[in-house]
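Here the protein sequences line up with chains R and H, keeping their order. So in my numbering, the last spot in the first sequence is 301, and the numbers never skip. So in my numbering, the last spot in the second sequence is 389, and the numbers never skip.
If you are wondering where the hints come from, they were derived from the structure by calculation, not from laboratory data. Careful, some of the hints might be misleading.
Unchecked claim - Only pairs whose alpha carbons sit at most 25 Å apart, straight line, appear in this in silico PhoX-like list of lysine-lysine:
1. H:LYS252 with H:LYS231
2. H:LYS174 with H:LYS339
3. R:LYS134 with H:LYS270
4. H:LYS339 with H:LYS79
5. H:LYS349 with H:LYS131
6. R:LYS134 with H:LYS252
7. R:LYS134 with H:LYS257
8. H:LYS77 with H:LYS349
9. H:LYS230 with H:LYS202
What the hints assert, rightly or not - Facing chain R, according to a computed beta carbon distance under 8 Å, are these residues of chain H, among others:
10. GLY50
11. GLN89
12. LEU211
13. SER214
14. ASP219
15. GLN223
16. ALA226
17. GLY229
18. THR242
19. GLU273
20. ASN378
21. VAL384
Every residue gets a Cβ at the ideal spot worked out from N, C-alpha and C, and that includes glycine.
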Amino acid sequence: MTLHAFIQNLINGLAAGSVYALVALGYTMVYGVLQFINFAHSDIFMLGAFGGLYLASWLAGVHPQPLQLALIMIGTMAFCVIVALTVERIAYRPLRNAPRLNVLITAIGVSLFLENLSQVVFGADPQLFPSIIKTVPLLEGDDIILNNIQVLVVGVSLFLMLILHWIVHHTKLGTAMRAVSFDIQIASLMGIPTDLVIAFTFVIGSSLAGSAAILYGLSYPKIEPFLGVMIGLKAFVAAVFGGIGSIMGAAVGGIVLGLAEVFTVYYISSSFRDAIAFAILIVILLVRPQGLLGSVRKVKV
Amino acid sequence: MFSIFFRPCGFLALSLTVLLTGCIKKNAGDQTEAANRTELLFGEYGSMTGPESTFGISTHKGIIMAVEEANSTGGVKGKKIRVISYDDQGRPDEAVTTVTKLITQDRVSLILGEVASSRSIAAGAIAQQYKIPMISPSSTNPKVTEIGEYIFRVCFIDPFQGSVMAKFAMESLKYKTAAILRDVKADYSVGLANFFASDFTKRGGTVVADLSYSNGDVDFKAQLTAIKGKKPEVLFIPGYYTEVGLIAKQAKEMNYKGVLLGGDGWDSEKLTEIGGDAIVGGYFSNHYSHEDKNPVVQNFVTRYKSKFGEVPNGLAAMGYDAAIVAIDAAKRSADLSSKGLRDAIANTKNFQGVTGIITINDERNAIKPAVVLKVAGNNLYQYVTTINP
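Chain R extracted, bound-state conformation (with noise of 0.2 Å):
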């Protein structure tokens, strides 16, 4: 019975921490290459919720319900785009060459903007995401319940890490990246287009951030103004955890989160779920700065 609830746990905390990895990637993607915490991030998340919202009653008349749920999900990924790309030329692009301070402010900022206009455009009342799918569950054992919507948090996100690790690796444009990621004025000077590669990184974080705003509605259909604080806070530990500028480490930080968050709930009080994120971080700060798969900068004085 024990490991039945263990087993139960690592599905539901599997499931937990897939949408914080792929909220973290967007975090970790834009530190790599511009070296600064895009707090708005968190903020592009929840408005992919009500984006996600809005798209699902306009495409309600579209069966079957597999190319309804693709559809919203391309239709939310490119309104996320689109408000990043905008954040990033509006706020960030300005501030390319000041000092690293003045973008963090800058990003905080943005992401106060995007939380207050949206409680006058949508109300501070919480709202409900509509089931797309119906939940039915795939494995009905006594103790143990997995459900499509489970299975499908984890497959998609899988499957949006697998092809982020093929553009950055194994494509041009990741080449390049990883090129401003290392030196952005000498990727520059070998004629790198750098605001290109640069509005690339936030058309694939921003595009992270609507998938995984629309896997978080399926999961859990209550969305407001402020739903991207908390999510957009462990996320941004999850990226700290894996190493901040490492894409594999966000996705391990962001699993590893999600289990940690569900068995702290589980086997200790649910009074700790919030704690013990920021209890890791403050760990891995002490013991590890660089992050689990982080590496560490060398800075020639």
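Since chain R is already given, all that's left is putting chain H on it; use the hints.
Frame of chain R, contents of chain H only:
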């Protein structure tokens, strides 16, 4: 150096003295000012937005209806009643701010609110401090009226509500094992869970699991995994409808087959919107049922329907009752000072409200029966039974 510092200091001290005397004078004039006004001002604070928005909106509709009806028959002592309403967004800190504003800026004679006990407790302390009577329509946690002699309520309290559901689970449903999933951030939920647990055990049942969540959580699967392992026949969730809906949904996904029970925090049309068919079959205690055959209730339901085009829920009925108790007290009160209003409310005896006969006892609570409702479908709540104190 000395003179440079001294001068502004002296000026500051002088202006402070002026300000302070001004304040004192204003306060002293308060009572006569309130009595001489051409209208009677009621203040209302509630969660018009936020995760418990339907509570505030329903209560507001009940209050507005009661006040309009009173005004159409001439008001109180020749004065029309006006209600000033503020939204506290479902946050205790905002509740404190709005009540302070109602008292110090709008200078209301009486305050109506809140639904959630955490916010009534936070803001009630302010009302008590300024000695302005406050009537909570539906905060059931005992601590609310324990604040002081100016804080009242027109509903039953959680020791009774908890025992109602424990009695119902044991005697009507014949179940012996229960699990509890409580919201540790809400005074209401913690109190109700404790009273349910002690009464259920006293009656010979066993509470096999007692777990918690926090207001705003969305994932309850870990708690539900733990609960499912203990195989309780009933799961008591004394929370608010947003989380309860999500919990019910996830409980169904986790294949938990027991019966779900709850309190008046379930009373919202959003409960079935969020919970869907997962919440159908659950039972909760409430203040009244619109299916009650009592002509007072039916008359109220008809008037409310023709005004707002919807069936009033328990919170609308409680809001209405809080307002008519206040209006009745104002009519009986010798003057419209806050002391006079307070004494008149405290003397409310056998007053016919929509949710039952209201008598305010020495603890400033109302002693009333509770009804048990069954969730029957999309925004459909069937009357099951009435349990008397």
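Does THR242 (chain H) pass the interface hint, meaning its C-beta sits closer than 8 Å to a C-beta of chain R? Nearest chain R Cβ about 6 Å off; hint holds.
Going straight from one Cα to the other, do LYS134 (chain R) and LYS257 (chain H) come out at no more than 25 Å? Holds, because 19 Å separates the two Cα atoms, which is no more than 25 Å.
Is the shortest C-beta separation between GLN223 (chain H) and chain R less than 8 Å? holds, 6 Å
Against chain R, with CB atoms and a cut of 8 Å, does the hint on VAL384 (chain H) hold up? violated, 27 Å
Interface hint outcome for ALA226 (chain H) [beta carbon to chain R under 8 Å]: OK, holds: ALA226 (chain H) within 8 Å of chain R, min 6 Å.
Hint validity - GLY229 (chain H) Cβ closer than 8 Å to any chain R Cβ: holds, 6 Å
For the hint on SER214 (chain H), does the least C-beta distance to chain R fall short of 8 Å? Since chain R brings a Cβ to about 6 Å from SER214 (chain H), closer than 8 Å, the hint holds.
Is the interface hint satisfied for ASN378 (chain H)? The criterion is a beta-carbon contact with chain R at less than 8 Å. violated, 13 Å
ASP219 (chain H) was flagged as interface toward chain R. Is the shortest Cβ-Cβ separation under 8 Å? holds, 6 Å
Have a go at the LEU211 (chain H) hint: is there a Cβ in chain R nearer than 8 Å to its own Cβ? Interface hint status for LEU211 (chain H): holds (7 Å vs cutoff 8 Å).
Sort out whether LYS339 (chain H) lies within 25 Å of LYS174 (chain H), counting only the CA atoms. violated, 49 Å
For the pair supplied as a hint, LYS349 (chain H) and LYS131 (chain H), is the alpha-carbon distance within the 25 Å limit? holds, 22 Å
Comparing the model with each earlier hint shows violations of hints 2, 20 and 21; every other hint is respected.
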